[in-house]
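Please construct the entire structure, taking both the sequences and the accompanying hints into account.
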Amino acid sequence: MTATDLSTAPVPSFDDEDEGGRKLVLICSKGSLDMAYPGLVLANAALGEGIEVHIFFTFWGFEIINKKTMGDLKFVAMGNPATHMPNAVMGLPGMTAVATKMMRKQIAELDIPEGPEFLDIIHESGGHLWACRMSADMNKLTEDDLYEGVEGIISATDFMELSEGAQTIFI
Amino acid sequence: MPVVTVLERQIHLDEEGFLTEPSEWDEALARELAANIGLELTPRHLEVIAFARSDQAEQGETPTLRRMTAVGGFPTKELFQLFPKKPAKKLSYVAGLQKPVGCV
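These protein sequence lines map, in sequence, to chains E and Z. For the first sequence, my numbering assigns the number 1 to the initial residue and increments by one for each residue that follows. For the second sequence, my numbering assigns the number 1 to the initial residue and increments by one for each residue that follows.
No lab work stands behind these hints: they were computed from the structure. Misleading hints may appear alongside valid ones.
To be verified - The calculated lysine-lysine pairs, modelled on DSS-like cross-linking and capped at a C-alpha distance of 27 Å, are: (1) E:LYS23 - Z:LYS99; (2) E:LYS67 - E:LYS140; (3) Z:LYS99 - E:LYS67.
Computed from a predicted model, the values in this text were never measured in an experiment.
Here it is in structure tokens:
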């Protein structure tokens, strides 16, 4: 390619206007360590691309934002064929602790933050965190029990409003 | 790969527009690149850029936002203010680095 000046040179797609209105909603419904990360990683990546992000925590997904459990998510290998370990072994007492420790180590080695720190990053990056009303009521939890960055406990109807026009991913 | 004349010298870009030779970068070029994407550099921008460049020189890869915060000590929120919307990519572009490859 011939020499040109900057005005005609390629520029990475920072066209902020083009991204205007793009919105991503992630529904986090699982409470295990391995199922917490997909939502957190995608939310973080989307925020870094200038996309409006909302995460809706529901059912077991509450584990990720419940102050009592958020730092202590577990990975259960039993019944998971992708671990290629016999269930008779993975069902032995203490195996969940071992599997969880291993997974935490692998995640830390990649310099990926732990759950609560990841929530801090998402919150600071402008991501919106919401908790499900029915799950809160079932577990008798209030906003005081949840991570501070959670903006509110909302109903399924509220969720319909906030997710209007969004790309929605259920995890 | 595009070769572009800026400030009366040639620089090399990849197809997306990121500088391929970090050594072709200097502060004057950073100001040109920043102006090209609508940013005006402040001394704080230059601090962030200086860390990103020195970290890249040591590690061989562009730091991710997480690394800019965890190792560089720049708060995430501030990075979003300095380089709005796409902080990691905008920072890399202005700092004359490739965009980060890490997921987080």
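**Request:** Measure nothing beyond the straight line between the CA atoms of E:LYS67 and E:LYS140; if it is 27 Å or shorter, mark the hint as holding.
**Result:** holds, 14 Å
**Prompt:** When you check the alpha-carbon spacing of E:LYS23 and Z:LYS99, does it fall within 27 Å?
**Reply:** holds, 23 Å
**Message:** Tell me if the straight-line CA distance from Z:LYS99 to E:LYS67 falls inside 27 Å.
**Reply:** At roughly 35 Å apart (the allowed maximum being 27 Å), E:LYS67 and Z:LYS99 break the hint.
Checked against the numbered hints above, the structure breaks only hint 3 and satisfies the rest.
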